[in-house]
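2 protein chains.
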Amino acid sequence: MDRSGLVRVKAEPFNAETPLAALREPLTPTSLHYVRSNFALPAHDGMLAIEGAVGRPLTFSINDLRHMPETTLPVTLECAGNGRMTMQPLPTGEPWSGTAVGTAEWTGVPLATVLERAKPGPEAREIAFYGADHGPYKGGPEVHFGRSLPVETAADASADILLAYAMNGEPLTADHGAPLRLLVPGWYGMASVKWLNRIEVRTERFNGPYQVRSYIYEWADREHQPVTHGRVRALITDPVPGATISPGRYTIRGKAWAGTTPIRSVEVCTDGGGEWLPADVEPALGPYGWCDWAFSWVVSGAGRRVIRARAVDAEGCTQPDAPEWNRLGYGNNAVLPVAIDVR
Amino acid sequence: MDRSGLVRVKAEPFNAETPLAALREPLTPTSLHYVRSNFALPAHDGMLAIEGAVGRPLTFSINDLRHMPETTLPVTLECAGNGRMTMQPLPTGEPWSGTAVGTAEWTGVPLATVLERAKPGPEAREIAFYGADHGPYKGGPEVHFGRSLPVETAADASADILLAYAMNGEPLTADHGAPLRLLVPGWYGMASVKWLNRIEVRTERFNGPYQVRSYIYEWADREHQPVTHGRVRALITDPVPGATISPGRYTIRGKAWAGTTPIRSVEVCTDGGGEWLPADVEPALGPYGWCDWAFSWVVSGAGRRVIRARAVDAEGCTQPDAPEWNRLGYGNNAVLPVAIDVR
Numbered sequence: 001m002d003r004s005g006l007v008r009v010k011a012e013p014f015n016a017e018t019p020l021a022a023l024r025e026p027l028t029p030t031s032l033h034y035v036r037s038n039f040a041l042p043a044h045d046g047m048l049a050i051e052g053a054v055g056r057p058l059t060f061s062i063n064d065l066r067h068m069p070e071t072t073l074p075v076t077l078e079c080a081g082n083g084r085m086t087m088q089p090l091p092t093g094e095p096w097s098g099t100a101v102g103t104a105e106w107t108g109v110p111l112a113t114v115l116e117r118a119k120p121g122p123e124a125r126e127i128a129f130y131g132a133d134h135g136p137y138k139g140g141p142e143v144h145f146g147r148s149l150p151v152e153t154a155a156d157a158s159a160d161i162l163l164a165y166a167m168n169g170e171p172l173t174a175d176h177g178a179p180l181r182l183l184v185p186g187w188y189g190m191a192s193v194k195w196l197n198r199i200e201v202r203t204e205r206f207n208g209p210y211q212v213r214s215y216i217y218e219w220a221d222r223e224h225q226p227v228t229h230g231r232v233r234a235l236i237t238d239p240v241p242g243a244t245i246s247p248g249r250y251t252i253r254g255k256a257w258a259g260t261t262p263i264r265s266v267e268v269c270t271d272g273g274g275e276w277l278p279a280d281v282e283p284a285l286g287p288y289g290w291c292d293w294a295f296s297w298v299v300s301g302a303g304r305r306v307i308r309a310r311a312v313d314a315e316g317c318t319q320p321d322a323p324e325w326n327r328l329g330y331g332n333n334a335v336l337p338v339a340i341d342v343r
Numbered sequence: 344m345d346r347s348g349l350v351r352v353k354a355e356p357f358n359a360e361t362p363l364a365a366l367r368e369p370l371t372p373t374s375l376h377y378v379r380s381n382f383a384l385p386a387h388d389g390m391l392a393i394e395g396a397v398g399r400p401l402t403f404s405i406n407d408l409r410h411m412p413e414t415t416l417p418v419t420l421e422c423a424g425n426g427r428m429t430m431q432p433l434p435t436g437e438p439w440s441g442t443a444v445g446t447a448e449w450t451g452v453p454l455a456t457v458l459e460r461a462k463p464g465p466e467a468r469e470i471a472f473y474g475a476d477h478g479p480y481k482g483g484p485e486v487h488f489g490r491s492l493p494v495e496t497a498a499d500a501s502a503d504i505l506l507a508y509a510m511n512g513e514p515l516t517a518d519h520g521a522p523l524r525l526l527v528p529g530w531y532g533m534a535s536v537k538w539l540n541r542i543e544v545r546t547e548r549f550n551g552p553y554q555v556r557s558y559i560y561e562w563a564d565r566e567h568q569p570v571t572h573g574r575v576r577a578l579i580t581d582p583v584p585g586a587t588i589s590p591g592r593y594t595i596r597g598k599a600w601a602g603t604t605p606i607r608s609v610e611v612c613t614d615g616g617g618e619w620l621p622a623d624v625e626p627a628l629g630p631y632g633w634c635d636w637a638f639s640w641v642v643s644g645a646g647r648r649v650i651r652a653r654a655v656d657a658e659g660c661t662q663p664d665a666p667e668w669n670r671l672g673y674g675n676n677a678v679l680p681v682a683i684d685v686r
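So the protein sequences, as listed, match chains A and B.
Reminder that position 329 of the first sequence reads as 329 in the numbering used here, one-by-one numbering, no gaps.
Reminder that position 29 of the second sequence reads as 372 in the numbering used here, one-by-one numbering, no gaps.
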């Protein structure tokens with residue numbers, strides 16, 4: 001497993017960001033796609049159990065799943081804590097700078113198809129997904145990583161949730177959840193449980209620590225909320241921070257995405273207090289993938305320039321100029337100034 | 344004039360930060376000391392006029408001043424807009440990142456001595472200081488750079504305000520106000536008017552634009568305030584942001600200063616949510632100079648680490664964890680996280 005191209009955040013469990021240069025590509029190569037792990041790489045016996053409030057408890061091997069009708073989707077995944085390091089005050093948690101994001105083509109069986117076969121009872125309320133990875137939660141009792149979805153979401157074929165066994169046309173790598181992971185398009189990455197080996201149909205709310213203690217927006221001034229869908233965000237890939245560029249024409253480029261909502265527009269500001277001007281936005285990489293955008297800038301003068309980009313989604317949501325601070329540092333989609341030198 | 348070692352922010356008028364490595368030294372070499380200019384380098388005829396509400400209007404040549412009793416003082420100067428670029432939302436103004444600070448030995452005549460000779464009248468209220476530099480203020484009418492001080496401050500010999508003609512033992516350079524500048528220890532840099540050629544004793548408040556429009560804390564939630572003294576701040580010089588260091592013992596180093604107030608202590612935190620531990624603080628470089636501090640860190644583990652330092656001054660003031668946002672982006676003394684890689 002080649003981790004050498006990644007920007008390491010933690011050695012063990014392994015956590016790493018995508019290098020900015022790799023985010024120029026439409027699809028992020030697997031070896032450069034960000035990795036978020038809560039525990040050491042686990043053993044996985046290649047089996048998936050579906051149990052709980054179901055008419056027919058089932059067990060699938062990966063091979064069984066590979067023989068079912070497959071779906072392939074490009075999906076932009078972003079860590080819920082991405083950009084935590086630029087929140088003020090600095091929240092606790094892994095210090096993600098802003099490139100814990102990537103887009104891969106994921107292949108698997110629709111969750112709705114598999115779930116249907118197990119015949120969830122009418123009393124089913126939530127579906128919990130457990131990974132083979134385990135360890136003490138914040139130094140406390142031993143747990144497996146686990147997350148839940150409302151049954152309506154999990155059973156909704158149009159939500160395109162996958163039991164994914166391949167990434168960019170190859171079997172999953174260990175860092176990305178081999179041999180099987182959940183893939184929840186449009187949600188922050190924590191929903192896409194890696195090393196998936198157990199699905200539990202529940203009649204009561206799931207209250208595992210990664211559902212009710214981590215991945216919660218703990219606002220200072222209003223009720224706490226669970227972290228769910230991704231938020232609208234534009235990322236500048238060219239120029240890179242600290243780049244030196246010459247006066248003349250320069251094409252500023254980047255990506256934009258907004259969870260399950262399409263991107264309507266991207267605007268760019270090349271001057272601290274200046275005007276926001278529209279960028280050219282390419283069609284998105286499917287309903288859950290980012291889009292490329294470009295802005296032709298006529299660079300004049302010399303010195304430090306601060307470039308900013310912001311996206312607007314189809315619902316009219318845009319990015320704040322300052323992060324919406326929350327204690328655990330999630331969902332930072334604030335406009336991120338990029339300083340460069342013109343000479 | 345060698346500007347090549349500086350980190351340029353604007354080519355014309357020339358504005359530049361001190362490179363971080365130069366901030367390791369007790370005194371900042373003149374060629375590496377940050378430069379803040381509002382207008383092009385002006386011509387200066389080498390004369391200083393003192394006029395207005397005085398018993399005896401006077402004119403001094405630089406040579407006259409050089410023959411008066413001189414004082415030499417190390418003084419830490421910091422730009423009021425230093426750190427503007429890390430404020431969220433991004434304020435308007437020059438995008439200073441955080442190293443628009445430096446300490447030089449300044450030599451000149453005490454302002455109080457010179458002022459006394461002109462015999463300010465009892466109705467004197469403010470003393471205005473004008474530079475030879477001039478231009479349109481924000482695209483509006485032509486002005487000279489000008490700032491005022493209350494007469495009590497200007498006439499107070501113990502405030503150690505200098506009419507400075509030398510920096511680090513050499514005549515002032517053009518970028519630092521040759522042949523003469525005001526030097527107001529403990530105040531943000533805007534008070535230390537460069538290219539000084541006129542002092543006006545006033546019976547009414549001075550309302551030049553650099554006094555009443557710029558250099559004002561425009562708070563969102565309380566009355567505006569003029570920018571005056573510097574604020575308590577610690578700066579990490581080692582390691583530099585993005586450095587790679589090895590496990591084992593590492594000495595974190597930096598500077599700390601607090602306007603006219605001595606530094607009481609410096610604390611360091613080497614772990615996002617972790618403990619703040621005391622650093623060893625060296626004696627300051629005189630009453631207006633920064634002090635060196637050091638913290639012996641036993642580095643373990645591998646991955647991204649976020650280091651922070653904060654200073655406490657003799658009045659118990661410390662640094663906020665987030666900048667106190669104001670529209671024009673002044674006085675950012677928030678704790679600044681420095682990310683490094685341990686491997």
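No lab work stands behind these hints: they were computed from the structure.
Hints are not guaranteed to be accurate.
Said to hold, decoys possible - Using 25 Å as the maximum straight-line C-alpha spacing, the simulated SDA-like pairs for lysine to any residue come out as follows:
hint	chain 1	residue 1	chain 2	residue 2
1	B	K353	A	G273
2	A	K138	B	K353
3	A	K10	B	V555
Stated by the list, open to error - Ranges of calculated distance between the beta carbons of each label pair, as one might list FRET restraints:
hint	chain 1	residue 1	chain 2	residue 2	range
4	A	D271	B	V555	24 to 32 Å
5	A	E223	B	D564	43 to 51 Å
6	B	S404	A	A294	27 to 35 Å
Don't be surprised by glycine CBs; every beta carbon is placed ideally from N, CA and C.
CB of A/D271 to CB of B/V555, is that within 24 to 32 Å?
This hint holds: roughly 25 Å between Cβ atoms.
Assess, step by step, whether the Cα of A/K138 is no farther than 25 Å from the Cα of B/K353, and give holds or violated.
48 Å, violated
Distance restraint evaluation - A/E223, B/D564, Cβ atoms, bounds 43 to 51 Å
The hint (43 to 51 Å, Cβ to Cβ) is violated, given that A/E223 and B/D564 are roughly 23 Å apart.
Starting from the range 27 to 35 Å, see whether the pair B/S404 and A/A294 falls in it by beta-carbon distance.
59 Å, violated
Are the Cα atoms of B/K353 and A/G273 separated by 25 Å or less?
15 Å, holds
Is the straight-line distance between the alpha-carbon of A/K10 and that of B/V555 25 Å or less?
Answer violated: A/K10 to B/V555 is near 49 Å, above 25 Å.
Checked against the numbered hints above, the structure violates hints 2, 3, 5 and 6; every other hint is satisfied.
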